[in-house]
Amino acid sequence: MKILVQKFGGTSVDGEENRRLAAAKVTRAAQSGWSVVVVVSAIGRVGAPYATDTLVSTLKNVDLSVPPARREMDLLMACGEIISTVILAQTLRAQGHDTVALTGGQAGVRTDYEFGNARILAIDPRYVVRMLEQGKIVVVAGFQGVTEQGAITTLGRGGSDTTASALGAALKPHASEIAVEIYTDVDGVKTADPRLVPEARTLAEATYEEVAEMAHQGARVVHPRAAEIADQYGISLYVKSTFEDRPGTRITSGEQLGEAVRRRVTGVTHTGRIVYVRFEVSGSGDGAERDRAQVELEIYRMLQRESIAIYLTSTGGNAFAFAVAREHLPRLRDLFDGLVIPVDVGAGRRRKPPFGRLYLLGLGVGQKGFNAQKALLDNTAHVVEVHAMEADVRENCTMVSVITTRFRGVPGVMALILETLTGVEVPVYQTADSEYSVSVLVPEADTQKAVRALHAVFGLDREPASSVAVAEEVPAAAAWPPGRS
Amino acid sequence: MTDASGQQRVPANPGPVGGSGMVHFERERGVTEIRVRRGLAHVTVHFEAGRVAGERLTLLQALAAESVPVFLVKLPPFALSFAVRADVVDTCERLLSARRARYTLLRDLALIGVVAGAMRDLSGVMARIYEALAGAGVSLRQTGDAYNAVLLLVAGDEADEAARSLRAAFALPEQAR
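These protein sequence lines are chains Y and X, in that order. Residues 1 to 485, numbered by the numbering used here, are exactly what the first sequence covers, in order. Residues 1 to 177, numbered by the numbering used here, are exactly what the second sequence covers, in order.
Just so you know, the hints here were simulated from the structure itself, not pulled from any lab data. Every value quoted in this text rests on a predicted model; they were computed, and no experiment measured them. C-beta atoms are modelled at their ideal positions from N, C-alpha and C, and glycine is treated no differently. Heads up, a few of these hints could be off.
[Unchecked claim] One side of the interface only, derived from the structure: several residues of chain Y facing chain X at Cβ under 10 angstroms:
#1 Y233
#2 A321
#3 T422
[To be verified] Covered stretches of chain X, as calculated for chain Y (at least 3 residues, CB under 8 angstroms):
#4 62-74
#5 131-144
#6 158-171
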């Protein structure tokens, strides 16, 4: 039995016309001899009557002062997918297919007890297999599962993609052939956001690592959780458009794609709405470095307590910096404006002042807390050292990332990126790199200029054979990509 | 969840379903592995105010021309810092000396990779890393992050202690030697 898992996102099943197009994809697969499992997301966007956001808002509005229990919240949030599952199953039934609609739990998806962000522990695919053997098209609600005790859970970000990928893996032992198709409103993984770069190409193939890094750097592609499962179980994922008939992008392992893609530039992504914060401890040398480490630790502890994720971290000497999503800036100001971090206070057996150091933090704009604390702390200057630490906050930033494979072994990539951006007069505030990407922090107003310039210089608007795959040794920036004169 | 070699292992059967039809899945959320890569150096080159952007670019181009790959590249005020592999550090230093650059070079460093799935969805990893390293008395020279890891540059002779403290902090088994 050849099994095809097809996942349709919310927009793909929103409205009669879109459902008809989705159903046509299912029909075509079934007619081609596939046994089809369809995974569905919730219908509709914010404001639509059965959209998940609408349901959650209704629940919260019962009494704004009493937060709903997470268990009940999941029970409600799972409804959106169940509704779309039944509706799509009925759409297929109306077209003459024998279908069965299943909740995540009925499809055998077992999770832990982390309501709102549950992890799939296991899938028992036997019921789904039995239905397929009976010739049915099985429509499964994505984004959900059940605990050992039968409580309904939701899977958090990327939940439906994860459901599809995990079902593919669970069904693999029962299939002579298995594939997972993720249908969305674009025709595959793009080399850049086509709204910024109309010449952006659809990648024919990409590796799990590349799409995971693209998602990490802000692109709307398959969620890394789904890619990770597919990688682990050797499942080929395809990203396709519900609204067009194109081959889309095949996502698979680097080994399967061969040497041509072992080292290359895959795309340029951008993440908007970033705030970059840099703190600097006064002074230099080992003492300043130790104090920096202590202050940095305390700040990261506070961010941990607030569940604020940070990235683009940089540290060393007497300074450290990090980026957060801009939505967190007001909270950051609440947390850090006027915050006093004691370092080495009371340590040892000092008999004379200063008895340690106090770092007083400020985060720009008003700094009421900073000013108030400073006035108070000035009175203590005879017993402790007081150091004002006003952060350098860059609010209107975006991170533009060049997605690469095996960046570290290739000289000249960073030079070419900076050279290119200098050439189009885009200032670079900071850089970051990993095995999979090179990122630059630039003014948000320059996002399009930066993305377009980098997309062009790496030859991403051309076919891969001529430009994207990169030679093992690139002698200089000017030689990237090969063939550039 | 990892085994003694740091590799991911499947979780125990969580539910009543059991049987041979059960397939196990998603990794434990959070940190799953600590990796150590030795033989690195870190360079910080200082520039005069007013010419910083141009000087940074010229230096990176010169390094590329000498086939010196650089990573963990950062742009501190009036400076450029980066890491290089030990096999190209002498080439790098010769180039810096020839350019009469004002620089500091730290040899014998190690890169610790704190590996976790979907790092962007996690918060608090950095705080736990800093707590662990501070507790072990390990100084961080530089940091970086990718979708699946936080990268930490530390002194080579502190790498074992750093890895040990991080494994303890994230409840990972000590790696078999």
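How the hints compare with the structure:
For Y:Y233, the suggested interface contact is upheld, since its CB lies about 8 angstroms from the closest CB of chain X, less than 10 angstroms. Because the beta carbon of Y:A321 sits about 9 angstroms from the nearest beta carbon in chain X, less than 10 angstroms, this interface hint is met. Restraint check, Y:T422 versus chain X: the minimum CB separation of about 6 angstroms is within 10 angstroms; hint holds. For the segment 62-74 of chain X, the stated coverage by chain Y holds: 12 residues have a C-beta nearer than 8 angstroms to a C-beta of that chain, and at least 3 were required.
By the rule of at least three residues with a Cβ nearer than 8 angstroms to a Cβ of chain Y, the coverage given for the segment 131-144 of chain X holds, with 8 such residues. Coverage of the segment 158-171 of chain X by chain Y is violated [criterion: at least 3 residues with CB-CB distance below 8 angstroms; count 0].
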